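Undergrad: Given the sequences, and given the hints that come with them, work out the whole structure.
Protein chains in written order, with my numbering: chain X, 33 to 447; chain W, 37 to 992.
One or more hints might be untrue.
[As the list claims (entries may be wrong)] Restricting the straight-line Cα-Cα distance to at most 30 Å, the calculated cross-link-like pairs of lysine-lysine (DSSO-like) are:
| # | chain 1 | residue 1 | chain 2 | residue 2 |
| --- | --- | --- | --- | --- |
| 1 | W | 954 | W | 874 |
| 2 | W | 724 | W | 874 |
| 3 | X | 170 | W | 954 |
| 4 | X | 84 | X | 129 |
| 5 | W | 622 | X | 186 |
| 6 | W | 875 | W | 683 |
Since the hints were derived computationally from the structure, they do not count as laboratory data. Please read these numbers as outputs of a predicted model, since none were measured by experiment.
Residues per chain, in single letters:
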Amino acid sequence: MRPRSSTPRTPGADLPEHPDFLWRNPEPKRSYDVVIVGGGGHGLATAHYLAKNHGITNVAVLEKGWLAGGNMARNTTIIRSNYLWDESSAIYEHALKLWEGLEEDLGYPILFSQRGVLNLAHSLQDVRDSVRRVEANKLNGVDAEWLEPDEVRKICPIVNTSTDIRYPVLGATYQPRAGIAKHDYVAWGFARRADEAGIDLIQDCAVTGFATDGNRVTGVQTTRGTIGAGKVALCAAGHTSVLTDLLGIRVPVQSHPLQALVSELLEPVHPTVVMSNAVHVYVSQAHKGELVMGAGVDSYNGYGQRGAFHIIERQMAAAVELFPVFARAHLLRTWAGIVDVSPDASPIVGRTPYDNLYLNCGWGTGGFKATPGIGWALAHTIASDEPHPYVAPFSLDRFVTGALVDEHGAAAVAH
Amino acid sequence: MTSPFRTPQGGRVDRATTVEFTFDGQAFTGHPGDTLASALLAAGRHQIATSISLGRPRGIAAAWAEDPGGLVQVEEPFPEPMLLATTVELADGLVAHGLPGQGRLAEIPDSARYDAVHHHVDVLVVGAGPAGLAAALTAARAGARVALVDEQSEAGGSLLAGTERLDDAPALQWVAAAVAELADHPEVLHLQRATAFGSYDDGFVLALERRTDHLGAAAPRHLSRQRVWRFRARSVVVATGAHERPVVFADNDRPGIMLAGAARTFLHRYGVLPGREAVVFTTNDSAYDSALDLHRAGVRVQAVVDARPEGSPRRREECERAGIRVLAGAVVTGTRGVERVTHALVAPFADGEVGAGSAIACDVLLVSGGWNPAVHLFSQARGRLRYDAALGAFVPGEELDGLSVTGSAAGVPDLAGCLADGQRVARAALSALAIAPAADDRLPAAPEPVVPSAPLVLWRVPDTSGAEGSTSFVDLQRDATVADIARAVGAGLRSIEHVKRYTTIGTAHDQGKTSGVLTSGITAELLGVPVQDTGTTTFRPPYTPVAFAALAGRDRGRLFDPERVTALHDWHVTAGAVFEDVGQWKRPRYYPRPGEDMEAAVLRECAAARTGVGILDGSTLGKIDVQGPDAAVLLDRLYTNLMSSLKVGSVRYGVMCGVDGMVIDDGTVLRLAEDRFLVLTTTGGAAKILDWMEEWAQTEWPDLRVHCTSVTEQWVTFPVVGPRSRDVVGAVFPQVDVANEAFPFMTWRDTTLDGVPVRLARISFSGELAFEVYVNPWYAVAVWQRLLEAGRPYGITPYGTETMHVLRAEKGYPIIGQDTDGTVTPQDLGMGWAVSKKKPDFVGKRSFARVENQNPLRKQLVGLLPVDRRTVLPEGSQIVEFRADGQLPPPPVPMLGHVTSSYRSAALARPFALALVKGGRSRIGDTVHVPVNGTLVPVEVTGSVLVDPEGARRDG
Ligand SMILES: Cc1cc2nc3c(=O)[nH]c(=O)nc-3n(C[C@H](O)[C@H](O)[C@H](O)COP(=O)(O)OP(=O)(O)OC[C@H]3O[C@@H](n4cnc5c(N)ncnc54)[C@H](O)[C@@H]3O)c2cc1C
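TA: Shown next, in the form of structure tokens:
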């Protein structure tokens, strides 16, 4: 045992320990019933629910790098379901309900903290949009409130609610059940369960091509050899279009860097999650005490997993403007993920021109919160060959029919 | 407290001056030139705090930014969390205390100023040690534009920590001469206290300059506290030196245990002895310098413990001459002591096996496991690293375009080599820039380097304490140990990134400066793979932490985003306007008279515009001057309606859609000439639409001969609105025939007023007879006053955006962004008439053909009249089917749409609203419900035009 001294310890200094065993590192088999490409949160959750809900365990998750090292390792972990449109709030609310029982399901301390999310309004139009979203949420059974500035101050006293700032806070929407979780713990929790069920998690295994027979995919070529597949699901986030290009499927996503950053560990000052679109920043204080924040995407396309620094500077200006107490917090580390942004800022999930190929992408800047929900619904879709009702509105062919689920104008900040 | 550990002389502190400071509530003194750490060590204080999760005492373990031990909170002069005692320069009145890894933010706003500067150079040299100085001199002498930045308070780098000689004189004399020479070059910028913290593509490097803290109360008021330098360098030379690497052993975290090189820095630079009795534990020759120098300074060096079987024969001889015992083939296996190390446990070490040991008393234990080149900036710029097995360290593994690494940052071992390498790298950079080196490019002569005995790469000493590595600390800041790494590997983790996340090593304040390479080494050892395969975790900016406020710079408060005001702003302020933020603009929302609230003011303003005359400052509308032979072609492709058929002198309303066929902006277009249009956009859409036009013109249709220029700021616009507007405009501009036949609706005329050009246009966003007056902003106040003057007989009433909104809503004119949300087509708005059937193509056309666009249940813009004639529906309210029982079913409740705009109407004498409603036009006459604060308010669906549907007023 570690020697412990009697000195009082820093609050939040100790995160719960990870288990002694996480996963095997198996060699790939010659073929699997289901091959999931991409070992991020979505791929791992899909694997878990394939096993748990459908008893399908002859499954491999192929990951080109280290498990959950893509956006899953890089996001700011905001979880909420207060989306505007019925289609969106349905799947995100389903996910939120799963989050509420996930710690138990996974037997893993995922540090899901329902500390609430405030989406600030800074203009009269923000107020209209916010009220609209709150009203829609309520009718959809999603917990939501509109708060006046003094109520905002009560929930998060460090937000600058004075009227003489550049864009005064005119109010906020509040979802009490929203919050944050610890991303690695979530991913590893799913991975461990999948591994326990006998699913092979195969790392350093990049899919480089597909074997097809007519309108069926029969296997994948990888950096660790060819692997046969009964069904294939793509969960490659920012690299989806690289894969679909190999199959001649055009998917309307653009890959952008999205940056985030943390401060050093600080005593608790920020009890909730605050998101602001006009003064563009979103921020929470994670369990250890670091401020975690991000803003919008870098506007160019790329796979570089790093962004431009002026975005960070702008974000810092926004942070200090909204939270004057942050002035002498320090930027400790910055990074970027590659997010797959669709034209209507909604995901693209479901069937493809290939009978046994399933697509899951377009979650862009906001797919962490969906992790259990999409894993659940995608597993169902794969197992039953039929889009789960939660994902049916998000089919690829909506870009042909025009049945878009446009969350751009509608949904505060898209994280 | 006194300073018993201050040497009688030497060091670079200003002994003539004493500064006072407080640490952990206790008073101390030090000197200018001290850091908080050196001053505390001078007083004999090593412990700074206890550790974050185990609560173990921790002290100063290094001399600069790599220190994993000495985190402090500054309280005075201004609270700042999580600084390192080793990098806080002492200033009078400093108050600080130690931190167990978590700091506290100030509760009061930071009043310090921060700013940023752009600087472009041929060559940027980072690091003013020997290699960096050599590089900077070489570049400067060649006449290049050079910047030299260094994070320390003075130039010299590693030379500050030693006794090296150059040209047979103390090396620091050469440093002083080099600095003076650089200062003489007009094209050279030399900054000390400036840390390059981020390195990006194409020679973009960021540095943070600390400008005032070290001056204490004497800091000039005009200086910003910190400055971010944004360097753009054609060539970057990274000369950032190396960090000494510890060796991990049991209980290696006690105060008094520090890197060997750090002890030498404290001695030579600050005149401070780290203790009285030292044990030195090393795997390489460099720590012998520390042992010998400390010995000369009066420290009893109990033993040099060298893990190499033979040690270093030459160094052993030197030690023996000095009477220092050298134990070769031995290691430190553990320590004793609680708040300070009291003993080093030393044991023989051969073939990886540890023998029986003994305790050696000491109050300071100096450790060296070799040196890690500071490759951070190279690595941030995406340079690949190579593991150098001889050094036990990662070194730059490739050449990068425009960024080179030199000196010990590149693994160059000795002073002579660093000088030569700095010069070589600078010359290569110059040659790539086609700059000839200077003829006289002399560097000082360094003593012939002595070839050191080969170092031993030793990451950790096997734990014989029985703790199984659980007190062998790899990352002191995270309290993470060898046992933690072993657990991670046992859990199935193979990637170093996973190990980092499992153990949290490298995630703390120091970002793994001392622990990173150790973790790679230990992980590789446990997995039985080469260290090269394990690699390092990714180096990410910033190199050292940077205050948020420093990065925010001047962009705070009112400067956070430029505040745009019209030429009439002062007039509005004087008139008592209440303002609204619209995009970046401040716009008058309404002009309350004494005793009026918004509702009363708006009803009054509306009535004036509908029955007399009102006037609005509409200057914020976006204006784009579109010129060129193909101007009409571009507009035809971007608007849904035809613009090319517009006659010179006429005005047309137009709608723009995105490629998805959804409305993105609307406004009027004035044709000024065959090849010239003035395009008006919404206030908020101005910049976006100019971008949009440019994007299409530049990327899709570069063949079009057309130019778009924003002229928003070049014209003010005053709509004069209402039945008496003709009288007012006619009176002010007598040369213009304002009769309807001579100046019909949707035309414009140029005229002058006292020689000043003025443009008049008959455009109406209110449904009333209206004239827009355009003039150069310089004359805005004068023209506005003339209009007010002429309008006085009619009770001319200035009105704001709120009244503008009500007037237009009564007419069913949508506001893009309020009555639309990016999911609304022109057809949905009832503007099918604005979509050309004739044009072969335009942006959005294809999308109109999609199935979903034919859906009869699409949401359409309609009017809503609350049946009770009283309720003002909150904007944003949702609309549900009529429910006879007045009760909502359980969720999810199907929604029909939402209220986009809602006002009280003076003209209708009742509240009304606009709404987007599923199949709205087919519901006209129906009653639906709007939930408002828990009750269902019945509302009647109407057409969207509620006032003057025939347009008689507007056109008259
Ligand atoms: C900075 C940042 C902040 C964010 N903040 C939030 C937030 O606050 N809330 C929220 O809900 N969402 C947020 N997101 C979005 C969220 O992270 C993503 O939507 C989500 O993680 C995507 O799903 P994933 O976890 O499966 O993706 P990833 O973790 O990216 O998984 C995709 C995996 O596919 C692998 N892969 C790609 N190509 C191949 C191939 N050819 N072969 C094998 N494997 C391959 C990748 O290596 C990767 O591991 C944020 C994203 C970023 C970058």
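Undergrad: Against which earlier hints does the structure fall short, listed by number upward?
TA: none
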